[in-house]
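Trainee: What follows is each chain in one-letter form.
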Amino acid sequence: MNSVEGLVNQIQGLSTTASDVLSLQNLLKQADDSLHAESTRLLPFLDQLDPSKHSLGYLYFLEACTAGPVTKEQAGSYVLMIARFITSCIAEQIRLAPDKFITVCKRFKDQVLLLEEPLRGVAPMLTAIRKLQPSSEHLTALHPEFLLLCLLSRCYKAGLSILEEDVFEVDQPRDLFLFCYYGLVASQTGNDKHWKKVVPESIGASTQCMLLLYTSVVVTAPMSTVNAIAVEAFKKYILVSLIHHGQSPTNLPKYASSVAQRNLKNLCQPYIELANSYSNGKIADIETYVEANKDKFESDNNLGLVKQAVSSMYKRNIQRLTQTYLTLSLQDIANRVQLNSPKEAEMHVLQMIKDGEIYATINQKDGMVRFLEDPEQYKTCEMIEHIDSSIQRLMTLSKKLNGVDELMSCDPLYLLKAGRERQRFDFDDFDNVPQRFNI
Amino acid sequence: MDGEDDAPKSLMEEMYANGIEGVDDAPSSSTSTTIRKNRPIISGEQLDIEAYAALYSGRTKIMRLIFLADHCDNSGMQLEALRMAYDELKKGENTQLFREVVQKIDGRLGPNYSTDATWCAMVDRKADQRKDKLESELNAYRTNLIKESIRMGYNDFGDFYYAHGALGDAFKSYVRTRDYCTTSKHIIQMCLSAILVSIEMGQFAHVTSYVSKAEQTPEALDPPIIAKLRCAAGLAHLEAKKYKLAARKFLEVGPELGNSYSEVIAPQDISYSSNAFTLQNKVIDNINFRNFLELVPEVRELINDFYSSHYASCLEYLGNLKSNLMLDIHIHDHVETLYDQIRSKALIQYTHPFVSVDMRMMADAFKTSVAGLEKELESLITDNQIQARIDSHNKILYARHADQRNATFQRVLQTGNEFDWDVRAMLLRANLLKHEYNLRASRKI
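Protein chains in written order, with UniProt numbering: chain A, 1 to 439; chain B, 1 to 445.
No incorrect hints appear here.
In silico DMTMM-like cross-links for lysine to aspartate or glutamate, where the CA-CA straight-line distance does not exceed 20 Å: (1) K417/A - E406/A; (2) K400/A - D420/B; (3) K282/A - E378/B; (4) K100/A - D32/A; (5) K399/A - D422/B.
Derived by calculation from the structure, the hints in this document are not laboratory data.
Every value quoted in this text rests on a predicted model; they were computed, and no experiment measured them.
With the hints as extra help, turn the sequences into a complete structure.
Mentor: This is the structure in structure tokens:
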């Protein structure tokens, strides 16, 4: 008891300046075990601490408190406490003990789920992420948790906004994998039910792009063994690239790990066959194939994506027609695209015009469709701004790339490896790079 | 000869040397050199086999006759061809082919034409004797180490094998003479023989290599030889489906063709397939070539029509010639492709100068239906050979020139997106790799 009280006093005293905080941290680290031992009795002490000033200490106490098993009633109060803490804590202080923070937040998520009110956890979790991240380009361990909460509470919009941030730094590969996976599920379920109502259609394409990005990263990431996330990601990768590009690379690029290259294909057989029959271009074949393997697709929760892929095939065929024809009768369109009737053709074309995928006018009297050119003249101010901002973005990106490259070339491990494998032509060639770095 | 019945073929268009009289003074002395006669071709309604066969001689004559027999539907002509082949073979020494022909005849020509077993046996015996003699001679030469005689010995061997139809052995013997060739004349002779045999064997890769070898000899070549080489090269290209190259080669053949190979096909056939307008211009303007054309008036008409855009009649001629072409050994496989190419070339040429074209008129010009024409045009547009759009409602074809400026903008934006995508993926991956590496390193240390 005394040690705990003494600790509380010290926390209150040392939480002002940065150097004090550091010494406080050392103290807290040492006292951690004793805190854990007294976890059940720590609750009243928490009231003496102010989370907005004594964040670090509060954090330690909080972590010790919630360490044990939690009942539903306790969960309610804990949730409130943690939420309040998260909103009011000082970011710099908690960044000193990120692991603790992450543990606390995870427990928070568990409790929120226990209470079956995931919605309550969404906003605090977002704040937590913001406070934990050194910059918005970092992916923390909390990102996947956040996405999970969004999924469970059906706040797809919030989840999507975080998906759209550029992510460059990753703490743990596992976080990235989980993040990507949840992101996929989020956008996909969103697509199926709520998307059309909540979000304008234009996001569909860019979300797809992003998904493609993330899944391809997951699939080509270094792995020593094939993990389940990679397999799922690969399946979705095939489907999304079919939708987006109209073709799917059945071979992984060379920089994917050899484990992935060898095994992923075997595990995703039905998808690869789907991709193959897609490239053959016969819609009837694809549809029969989809019907035949419906259960498999459904069990992977990919049925929606598969259906989207099939419909994208119609779209692609119609788009090809716009290249060759100026006007075409609906009957002809139906014939060429292998649809069943002119009515269906009309529906497809109508949908595509609405989505902005083709430019055309339908003349119902004659049953003719007239294809128009893309009216974009690239002369407006908005277009110029768009181009300008793209250029700016790309320039920053390439600067970043250069920066990373420089950083890498100064990295001692890299130099160690490169130095060892350098070619030596001449005795005089030995310059000052030593064989081993003693760090 | 008795008239052939209802042969739907018109005339043959195989083109041969123009009127250069005189026998070859080429150094080649092997008996397999085929001699070409200069004879104007009479255009008639039916394929005159005798006239056709008379234009060739040697082994090719037999091969062509057999090919004719295989591919023609008319049994009268078949028998005629086989009979001539039989006669021809009896004059020679090739018992294997003889047996083949006899099988094909199958007793249909009467008792005179059945397997003449005694004749076969006699020929074979003679052949063996000759072979032994040649071998002993060759061995004698080899022990004496006289280069020239060794070379001649191998040459004789080659000829012998060729006459008997053992083409592989003939080829080998000819190639062996290479080691003993002293002058470039010898080399040329060797190359020519090798080329001949390879053509017969259908190994056109060898043909090309020997042609280039022959062309590299330092001495100036006689024009007939050059012409022969060019023909051979053209044939090789044809087999390799490089029609354009084949066309060029045949064009260069020129009138110096003197006695050249009778395996050659009408160079005109190749000119049909040539895809370059300029090449076709060269065809007409090439005065030398005109001489060829004089000998085959139908073909000349055809080319003229093509140029003056009378496509209907042009295609009609083509249709007539098609059946004949199918009977020629070399071009048989390529007829379909060549015809398709000619047709699409005609279509492209037709649409080229117009901003809009009424498809009904075009269909009349090409003698097809509007629907069929639409399909053909569609495939050409998709292949990007015609820049146009079809107005299916009014059946008009509108020329369309892509707006460069818009296209450039689109491409720019797209490239930007791709760059963005790639770099971000790369950075993420690099990060992951770094972690992985760190993990591994920390585990080691």
